[in-house]
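Enquirer: Sequence:
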Amino acid sequence: MSRHLRPEEDAAARTAGDAAAQTASGTESPGPVGGMLTPLAVQRMQAAAGNQATMRLLAREDGATATAQPAPEVAKLKSDGTTLSGERITITAELAGILAGSQSEPPMLGKHEDKGKYAEVKGTPFVGGASPDDIQQGALGDCYLLAALAAVAKANPKLIESMITDKGDGTYDVKLYEDKGWFSKDLQPVTVNVTGTFPVNEKGEPLYGHSGDPTELWVMIIEKAYAKLKGGYKKIAGGFGGPALEAITGKASIRYQLGDYDDAALTSIFDTLLIEGYAMTAAADWAFFESTKEKAMKDVGMHFNHEYTVVGFNKKAGTVDLRNPWGEEHVTGLPLAKLKQYFLFIDANQTK
Numbered sequence: 014m015s016r017h018l019r020p021e022e023d024a025a026a027r028t029a030g031d032a033a034a035q036t037a038s039g040t041e042s043p044g045p046v047g048g049m050l051t052p053l054a055v056q057r058m059q060a061a062a063g064n065q066a067t068m069r070l071l072a073r074e075d076g077a078t079a080t081a082q083p084a085p086e087v088a089k090l091k092s093d094g095t096t097l098s099g100e101r102i103t104i105t106a107e108l109a110g111i112l113a114g115s116q117s118e119p120p121m122l123g124k125h126e127d128k129g130k131y132a133e134v135k136g137t138p139f140v141g142g143a144s145p146d147d148i149q150q151g152a153l154g155d156c157y158l159l160a161a162l163a164a165v166a167k168a169n170p171k172l173i174e175s176m177i178t179d180k181g182d183g184t185y186d187v188k189l190y191e192d193k194g195w196f197s198k199d200l201q202p203v204t205v206n207v208t209g210t211f212p213v214n215e216k217g218e219p220l221y222g223h224s225g226d227p228t229e230l231w232v233m234i235i236e237k238a239y240a241k242l243k244g245g246y247k248k249i250a251g252g253f254g255g256p257a258l259e260a261i262t263g264k265a266s267i268r269y270q271l272g273d274y275d276d277a278a279l280t281s282i283f284d285t286l287l288i289e290g291y292a293m294t295a296a297a298d299w300a301f302f303e304s305t306k307e308k309a310m311k312d313v314g315m316h317f318n319h320e321y322t323v324v325g326f327n328k329k330a331g332t333v334d335l336r337n338p339w340g341e342e343h344v345t346g347l348p349l350a351k352l353k354q355y356f357l358f359i360d361a362n363q364t365k
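Residue numbers for the sequence shown follow my numbering, so the first one is 14 and each next one is one higher.
Quick caveat, the hints were computed from the structure, so don't treat them as lab data. Do not rely on the hints blindly, as some may be mistaken.
Unchecked claim - Derived PhoX-like pairs (lysine-lysine); straight-line CA-CA distance at most 20 Å:
no.	residue 1	residue 2
1	Lys198	Lys188
2	Lys264	Lys171
3	Lys365	Lys264
4	Lys353	Lys311
5	Lys353	Lys306
As the list claims (entries may be wrong) - Per label pair, the in silico range of CB-to-CB distance:
no.	residue 1	residue 2	range
6	Phe196	Lys216	44 to 52 Å
7	Glu174	Trp299	15 to 23 Å
8	Asp182	Asp334	37 to 45 Å
9	Ile288	Asp179	31 to 39 Å
10	Asp276	Lys216	42 to 50 Å
All C-beta atoms, glycine included, are put in the ideal place defined by N, C-alpha and C.
Could you put the whole structure together from the sequences, leaning on the hints where they help?
Expert: Structural data, given as structure tokens:
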């Protein structure tokens, strides 16, 4: 899976807790939603299974619950063993609020829990609309997601802009798609609500994906919604562009294995897809030896184990331009022969 980070950030992007939440159609689901148990689900579980099952949930100590102040009912449930099979406590509004609050923010990477924190970032979703050049990857290995966002922003920026609804209360609804199929792909829309607080470092700077303009929030909003849907930032470290494109557009991606095509066929593919408004990501090959990585960097200026956005194709020259989600060190004028040498496949998705 592509998860390349800047060398100085690579060691910081590992380990985290789990927990996810999502809001569908503005109403609370009575059961598991996106991997979490809602307060209503907890009430039903307690009524059916008693306090022991409820206690197990309350006793979970992830990054969020460990810092919450326990309600009296929680302390009673944890300390009084007689309640486990006898008395059933009441799930009060206070207790339900704690349960809901513990799931409200997707956990950061474990490495960032000590020095990182959630903080409000003032701004607006878009400043002059969505553009690939807005995107800068942070200390999280989700290059595939950011490359996909850049690809859609290039092909159809209005689609990106339509994903976010400012609720006017400090929160945002984000429209994503989730594959609910068992034997075949079944992409269904889901609305994920996120707050206007985001992981920041000790200096108050964004830890993860962000825009070059500190007042433009769309990259952070969508990345946070995707992390919330999947169960935390750790859960989205590593992946491929195709599924990420599907989560954005709701349409199935097409994968082109580069080794299966000659230059003439690739020329036709790139020319057609760009004209027809497809978003495209390119998955770099894997490399484990520093000598191999250094050779590729010296040869064409690319990084292995990384995902790029296809932003241009020169039909006459037979070259491809690739955008690095870092916001720098892009690859331009890459001959098709070199593309096939250093990259595995292209994922494409119709955005119009």
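Enquirer: For Ile288 and Asp179, compare the CB-CB distance with the range 31 to 39 Å and indicate the outcome.
Expert: holds, 34 Å
Enquirer: Starting from Lys264, check that the Cα of Lys171 is at most 20 Å away, please.
Expert: Roughly 16 Å separates the two Cα atoms, so the pair holds.
Enquirer: Please work out if Lys353 and Lys306 have their alpha carbons no farther apart than 20 Å.
Expert: With Cα atoms ~16 Å apart, Lys353 and Lys306 stay inside 20 Å; holds.
Enquirer: Is Lys198 close enough to Lys188, meaning Cα to Cα at most 20 Å?
Expert: Distance of about 18 Å is within 20 Å: holds.
Enquirer: Within a Cα-Cα threshold of 20 Å, do Lys365 and Lys264 meet the stated pairing?
Expert: holds, 10 Å
Enquirer: Does the Cβ distance between Phe196 and Lys216 fall inside 44 to 52 Å?
Expert: Since Phe196 and Lys216 have Cβ atoms about 49 Å apart, the given range 44 to 52 Å holds.
Enquirer: Hint says 37 to 45 Å; check whether the CB-CB distance for Asp182 and Asp334 agrees.
Expert: With Cβ atoms ~41 Å apart, the hint holds.
Enquirer: Could one say that the CB atoms of Glu174 and Trp299 fall in the range 15 to 23 Å?
Expert: violated, 35 Å
Enquirer: Starting from the range 42 to 50 Å, see whether the pair Asp276 and Lys216 falls in it by beta-carbon distance.
Expert: Given range 42 to 50 Å: holds, Cβ gap about 48 Å.
Enquirer: Compare the distance between the alpha carbons of Lys353 and Lys311 with 20 Å, and conclude whether the hinted pair is satisfied.
Expert: Within the cut-off at roughly 17 Å; holds.
Figure legend: structure checked against the earlier numbered hints; the only hint not met is number 7.
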